[in-house]
Amino acid sequence: MHAMQGPFTLCLSVLVCGALLAQSEERQRKVDSLQQVLGSALHDTDSVSTLIAISSLVTGDERMGYARAALRIADRGLPGSKGERRGALLRGLGGACSGIGSRLRQLGQRDSAIFYYQRGLEAAREAEDPATEANLLNGLGVVLYQSGNIDSALVLMEKSLAIREATGDSATLAASCVNIASMHHARGNIPMALEMYVKARDLAERRKDMPAYATVLVNIGALHEGQHELDSALAYYRRALGPLKELNNTEGLALAYNNMGTVYLTLKEYDRALESVRNGIPPAVRGRHHNALSDLYFKQSRILEEQGDLSGAIIECDRSILYADSASSPRGAAYGHIQRAKITRLMGDARSALRYALLSVDKAAGLDELYLKKDRAQELSHIYEALGDDRNAFAQYRLFTQLSDSITNEKNRKDLIRNGFKYEYGKREAVLMAEQEKQDALADKELQKQKLVRNGFMGGFGLVALFASVFFVQRNRISKARKRSDELLLNILPEEVAEELKDTGTAAAKHFEQATILFTDFKGFTEASERMSPQELVEELNTCFKAFDGIITTRGIEKIKTIGDAYMCAGGLPVPTSSTPAGVVQAALEMQAFMKRHKAEREAQGKPAFEMRADIHTGPVVAGIVGVKKFAYDIWGDTVNTASRMESSGEVGQVNISEATYALVKHETGLTFSPRGKVQAKGKGEMEMYFVTTGD
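Numbering (the working numbering), first residue to last: 16 to 711.
Simulated from the structure, these hints should not be mistaken for laboratory data. Do not take every clue at face value.
What the hints assert, rightly or not - Each computed DSS-like pair below joins lysine-lysine, with the alpha-carbon atoms no more than 30 Å apart:
| # | residue 1 | residue 2 |
| --- | --- | --- |
| 1 | Lys576 | Lys697 |
| 2 | Lys622 | Lys681 |
| 3 | Lys574 | Lys525 |
Please put together the full structure from these sequences, using the hints given.
Dropping the structure here:
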């Protein structure tokens, strides 16, 4: 049988309010200029349009910040407004909702994203602003696709394309064609997908639309990969990396590297597969793309599983499921549970494996994705075979082969091959090939000359080469030792502190006005430890703390230390902008979600499990290195003491936050707060505290 493919990763184009500028210096000059305009704006309509223009030039949370500012001004001005002023405010509101929705989608907050997209659509339609309406329809379609509703997504994207064609908006046609092609691709309609990809590519080339062009390259690569044309797939992925890096498209980079990892995994080139996947994690972390992180950790799990490291594969699989749940991705969660089923089966527990596989069916309810159904049928066939249920095993195997045939049938393969030359890069590729042939011919001539010279001087050269080889070996040893030393230092100190220590030999303690401290501890740790061997206890702590490490790394939070069963980390240091109080709260919620799922799994296996408390407080701290041996980065201050004392006031399964933290996160979308009133904190008296949960 074929190996499980896993999430079929497609790159989508989401236009917010203008083209992304590749050069950061040029972008910053435009932002600075617009900020001067903003400072002298006389009317609210001018402020709104300027804020929207700035938001189109920046990315991530910064983009959403400018869009939210525009939305606030538009909301204040709309009541009682009339005529042209009302139209301008409505257009601004539509553009702001588009930017906010796009960022919320990236953060996995899909319900909130849908709310803003729909609100923006109402405003754009009232303002008779077709360009913004098309952008909002496109963005809403992307959210529905990522939620697994491909048919509805396709309808919205086709509406967006129709508006853009009717208004002659050629600048955005390529993006629409990319997304419609992606929908056909996900449904297994390869010829239609190829036709639309090529149309998108040609439009992008004519318009010099680099974001759409890079997206097309990634997706045509995925199309070739799906047809087992692996060399072609790799060529397209590599070709996409350049423009994606130039554009600082963190989401596209993560997806391209993930797909390269899939190809190398198929080829069983495991080192290259791991390298590709790990190259994709930093851009995904920078952009906080939880969907991409779910796919990347899934791929790492697959690689480790094939290498026989089943324990490592489970950890990476759990991370994948965690990020899929965080991103509200039923598709990612379904694939994660199929993978969890496979690993569990390979570890000899077919009955638990069946439970995971059937759970993937629940997670995928409403999804109409051939690749997912194929992989699930394949795994269920293996599980039923292991359970001795031959009838169900055969039924699932037959379903697997039918689905495989519908995806990679000979007609699709022939269509791809027949259209290959027609749709390749034509004259430009031919010119490049001819130029390459000339260079190869010149290189051959030069090689012949070098052979003649080499034969005459071989003896002398051999002596020189001997000394050179000794030199280079020694240099490489030093380089590797230095690199290893740096890696070890970065494993115990923040990068900024490590660099200061290397440069000056010391690292001064620093005051941080606002750091958010998270403490966790396990309830019943002593009782549980009495039922485990020392080795089992350490392994269980390691499993939990490794999961926590992955969660906080994604959000830019600094791990401080572990003390027994307690885990301590902090946001807002050593770089104040590296994380936010809301990010720390979200991390704590993800930790609790992991612990609940992990507890259910261990109890199903008849094993003892931990339950966790999580407590958060925000305030000033001092941070730095203590000691001269076994360097440790630590934090001090009343804020730390308060967060620690709150532990005794927390409750199992909850995230408990102080009033200081609540004041900073109470307006965050997707969080729900339950006031606890004044609660006694050991040594601190009574404190206002709140439980926080996700909004769903």
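Hints that the structure is at odds with (numbers, increasing) | Per hint list: single violation, 2.
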